Every structure is written in structure tokens, then in C-alpha cells.
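Visitor: Residue strings, one per chain:
Protein chains: 2
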Amino acid sequence: MKKIINDANLVEEQMIQGLVKANPDKLKKLNCGNVVIRAKKKEGKVALISGGGSGHEPAHGGYVGTGMLDAAVAGPVFTSPTPDQIYEGIKAVDAGMGVLMVVKNYTGDVMNFEMAAEMAQMEGISVESVVTNDDVAVEDSLYTVGQRGVAGTVFVHKIAGAKAETGASLSQVCELARRTAAQVRTMGAAIAPCTVPAAGQPGFSLGSDEMEVGIGIHGEPGTHREGLKPADAIAEELLEKILAGFELEGNDVAVLINGAGGTPLMELYIVNNHVQDVLKEKGISVYRTYVGNYMTSIEMQGFSISILKLDDEMKAMLDAPADTPAWKE
Amino acid sequence: MKKIINDANLVEEQMIQGLVKANPDKLKKLNCGNVVIRAKKKEGKVALISGGGSGHEPAHGGYVGTGMLDAAVAGPVFTSPTPDQIYEGIKAVDAGMGVLMVVKNYTGDVMNFEMAAEMAQMEGISVESVVTNDDVAVEDSLYTVGQRGVAGTVFVHKIAGAKAETGASLSQVCELARRTAAQVRTMGAAIAPCTVPAAGQPGFSLGSDEMEVGIGIHGEPGTHREGLKPADAIAEELLEKILAGFELEGNDVAVLINGAGGTPLMELYIVNNHVQDVLKEKGISVYRTYVGNYMTSIEMQGFSISILKLDDEMKAMLDAPADTPAWKE
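Residue numbers (this note's numbering), protein chains in the order written: chain A, 46 to 374; chain B, 46 to 374.
Keep in mind that the hints are not guaranteed to be accurate.
Note that the list lumps identical chains together, so a pair holds whenever it fits in one copy or between two copies.
Dumping the calculated BS3-like pairs for lysine-lysine here, alpha-carbon to alpha-carbon at most 27 Å [said to hold, decoys possible]:
#1 K286 - K87
#2 K74 - K90
#3 K286 - K274
#4 K87 - K354
#5 K87 - K73
#6 K327 - K71
#7 K86 - K73
#8 K73 - K373
#9 K74 - K136
#10 K86 - K325
Think of the hints as simulated: they come from the structure by calculation, not from any bench. All values derive from a computational prediction rather than experimental measurement.
Kindly produce the complete structure, drawing on both the sequences and the hints.
Guide: If you want it as C-alpha cells, here you go:
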């Protein structure tokens, strides 16, 4: 394992400290595990909390700030945070208007966030949750019953976070978050694995000319393996599955070409070049496109494509101001 | 070579198209090689142009937009653009107030930008240039006489770009750009090489426990090779050379922890965690910190640290609005 770290057991703590120290005016860290909250508490509005295992940077701590999240809870790499940590996050950000949890669909995350919600509710805090399950590659998977929550989750952060900033009620923010989660579809592929620091070995191996199609953000198996194809052919394969049965007529979409962490921007832009051409050819109108590392898998080499079907409210919230380390509008 | 591309000969063209298609409201591409300009020309103000070989994404096309560059010219990967391309870029963005070229110190870049400037000057366009040479690792190098221009160049884009946006004259913008370039120092290290698509092989090789200290952004040799050390020790080694003789008393600094392209954000934040501690211990006051992939080397694994000594004008320009694909304020 060749990494720029100090100690495999300290990566989460030192990384979160490094994130907070880069943004001392925006972020602070609670003293109860790796919970990042806004430096200035948002008052009188619904609060948003998200999180999950570490290793997906900038998700989720990088999305804490004006117009997006109020708190992000980071577990060990690829491991759910504990209910206690999440509970501390909820308590820290609740301003009396309730808290919305945005949870990626993994069994451990869903369970621990739900337990934390129950603990908070017992103290009189209103908590709702939205579970993202945008990965159309596979139904059920390692770590997950049902479809996995992956990069499309970031759209939920942005849109629901902007809605909360308007002063909307918990039920209104929750409704929009669920509507957004229901309208985003994602699928990815990888050409090289990543290594969890504490494991010291790559999570899987691929032949020198092989790729994993439909891979999860922890390196979980996807639909199949096949020989590496040109970027355009990979993009077409993913788009075909994403767009199958997706009724987009009359709606614009947002596109996210998300890097897995070790893939250079050069390759993501090459993918986007063809994705845009394919969508245009199909008569699908693109409202906004985002290209970069939004929900990574440490240094995995690969990418995912997310397509979000937009309505007018989602568009307005997507374009609303945001000031976080990883997303600014 | 395992890459998500279509054809090694098409990477530059398809990448630039993908960048422009992701930002159709902000960018357009000239039909004379890979020259990216603002979709809406900035009128009545000094224009900024930069560029160089491709492979450093998001530099430089990702910095075209309000508050930063007016044009970016991309040559083949790690190869200077031709004078003709640069000349077309200069002509496209000049609005009668003159053009400032921001050129990283590589012999080919400096020569070709200078030739382009002469061509433009013969047509009556005022052109000035600033050559960045922030890499303190080595004096003279492969491709370069004198110190190399590396990640610190992005600070020059931001600060000079903001100054141009105020309506300042060419000499004023040029003076600030040169002042900024003179006050930024950078040094990097890498633990894994990158592969130029057209070459098909990594540019260098490193042992499984080896790193290159002082590496250039094309993988050029640095000061030496040594065994891989903990992140904190690497950061200290780089900082020691960067800070040697750098008179910072009474000045705040900006810090850039720049990823080489294949290094996960996790590792960059771990580096930042210690960089901030070391600077604090030395009594150096940090005004702003940036962590991410700003000036990459395709998928190289490594990072650089840049320290910019700030004055009040630089601070104001650093914080001025910017709306580009890769830097927003």
C-alpha cells in the first residue's frame, strides 16, 4: 500500500482536521468523533445532516456550508458512523425546526441513522429522513438491500439544502428531497481498485485490460466484468441502463460526471464530451452539467454518470447560492 | 496503459470539447486548435491569456471565466501550444486594452508565447507577459532554464484576473501579476508516475516504497529520491525548502495543497492538517487555504505545497468574485 498518510488508524481523524483547518471560517468539528458542522449555526431553519463511511471525499464534509448541509458525520473508511455520533450531529444542528437526514442506501447507514433519529426524537427533536438509492446497476448488493445510494446523493444535498435555506418547513424540505432522490439515476464503472488504509490491500483486482461495470462506491461488484472499451462505448453502456424507462420528455436534466478519486479530469471531460452528444441526439435537454470528484472511492479509477430529471423547483434550488468547500454557486 | 479514453491522438480535442460542453454558458472553443475563451467576451478591460501543454487539468481551461482568464491555449499533453494558436487566442480576447500572458516557465512555452506576442504586437495589440517560476525544488531542469512554473501559477490567474476585472490598465495588471508571481513558492513530491497517452508508458518509474521529492508537473526529476515517509514528514521536508529565506514576518499567506491528479482528497487533507500545524507553530498567519486538484499531472499520485506571501491588494483580489469551472468565489 503506497499512500500519503501517517497511520492507517488516523486517516479519518487527520483528514477531517485537515478539511476543517482549510475552512476555519466555514467549518468546525465536534469533539465526539468525526462530525463536521457549520462554524456559524443556521438558526430558525430546518437543518440537514448526512454522512456515512469515510473515503468518499469531498462527500460529505465538503458539502457542509451555506445552502447545503449543516452537519456531516464520517465513520471509518467505508464503514457507517455510529448512532451516537449521528445523534450528536443532529443535536448540534437542530434549531427547533427539525432535522432532515440524507442517507445513502447501505444497510449499516440506514440502521444507524434510524437509531440516531429515534434517540433525537425521544428528546423532542423532529427528524425525517430521505434514503437515496440512485444506483441503477444492481438490485441488492454487498452491504445493501435494494439499490445503492451513490453520487446522485449530492444533488439531494444541494437541492434540499437550498430549500431549507429558504425557511421551508421540515415536511416541505423532506418532500423535495424525496422527489429529487426519486428522479436521479446513476451508474458507474471502474478500471482500477482502491485500497482501504486499514486493510492495506486493494478491495478487488482487475486484469490489465479489464473493467468492472456497475461498480459500487466501495468497490462492490456491479453487473459484470468485461474488456476495457473506448470511453465513448463505456459511456453509452452506462447511459443505456440509466435512461431505460426513464420518462424524460418535457423535462430538462442535470448531468453529473463523477470521478472515483484517482481518475484524472482529462478522462472525465472525455466522457462528458460523448455523454452530451448522446443526450443531444436523443433530444434530452441538459440544464446543468457538473464534472469532477463529487463522491469518490478513495483513489479508485473510474467514474459514474448521474442523470437528474428536473422540475422548476429543482432547477431554482440547484442554482441557488451555495458556499461550501466543494460546491459553490 | 489503462485509461478511459478513445484514442491517444484525440485526448486533447475531446477533453476540451467535454469541458466546453459542460459549461456552454461560460466557455466556447475557437476553431484553431484547443483554444478556450469566455462565451461572452469581456469588453473594455485588459484580457488575460494562459496555457501550455495539456495534462494539467483543470489548468488552464478550467480557469477561463469571470474574474480569472479570458483565454486558455492547450497544446498536446505536456507540449507547448504553437505560436499560431496563442496568437489566435490573443486576437480573440483583446478588447483594445491590451493582453497579459501568464506563462509557466518552460523553455517551449516561453518561446512560443513570446513569438505569439510579437505577432500580435505587429498588429497593434499591446501584450505583456508574466513568467511564473514558483517551483523552488531545482534551478534548471528538463525542459526549463531557471525555476519551473507550477501550481502557484493559479494564484497569478486569480489575482491578476480579478485586477483586470476592476478595469485596471495593462501596466497595473501586469505589475500585480509579477508581484504575485514573485511572492509564491511551491514544491512537490510524487509516489507514482503518470502516462502521457501518446507515449503509452509511464514517464518514470519508482520503487514500491520510493518517492520523488521536488518533482516537476511533467514528472521531471526533482532534488532526489528517497523512501516513502509519513505524510507529515514529507510535508515538513517540502515546507522547509519553501520557507527557507522567505521573509514572511508581518504578512499573511495563502496556502495551496495541490493534488497531482491521482491522489485522493483524503491524502491532501491529511497533508493540510500538518501544514497548518507547522505554519501555526512558526507564527505564520494563514489567510486562505485551498485544497484540491488545481494543477495536475494527469493521473500522477503526489502533491505540492504552495505558499503565497500576501499584501492587502492580493488579499482583496484573491477574495474577489470569480465564476469559472474550477474556481468560484
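Visitor: It remains to establish, for every hint, whether it holds in the given structure.
Guide: Checked hints:
1. Taking identical chains as interchangeable, the C-alpha atoms of K286 and K87 are never at most 27 Å apart, the minima being 40 Å within one chain and 42 Å between chains.
2. With identical chains, the CA atoms of K74 and K90 are at most 27 Å apart within one copy only, with a shortest distance of 21 Å there and 43 Å across copies.
3. When the C-alpha separation of K286 and K274 is checked against a cutoff of 27 Å, the pair qualifies only within one copy, where the shortest distance is 17 Å, while the shortest distance between copies is 44 Å.
4. When the C-alpha separation of K87 and K354 is checked against a cutoff of 27 Å, the pair qualifies neither within a copy, at 29 Å, nor between copies, at 34 Å.
5. Taking the shortest alpha-carbon separations for K87 and K73, only the intra-copy value of 13 Å comes in at or below 27 Å, while the best inter-copy value is 39 Å.
6. With identical chains, the CA atoms of K327 and K71 are at most 27 Å apart between copies only, with a shortest distance of 24 Å across copies and 42 Å within one.
7. Taking the shortest Cα distances, K86 and K73 sit within 27 Å of each other inside one copy (10 Å), while across copies they are farther apart (40 Å).
8. Taking the shortest alpha-carbon separations for K73 and K373, both the intra-copy value of 18 Å and the inter-copy value of 22 Å come in at or below 27 Å.
9. Proximity of K74 and K136 under a CA criterion of 27 Å is satisfied intra-copy only: 14 Å inside one chain copy versus 50 Å between copies.
10. Proximity of K86 to K325 under the C-alpha cut-off of 27 Å is restricted to the inter-copy arrangement: shortest distance 26 Å between copies versus 43 Å within a copy.
Hint compliance for this structure: hints 1, 4 are not met, and every other hint is.
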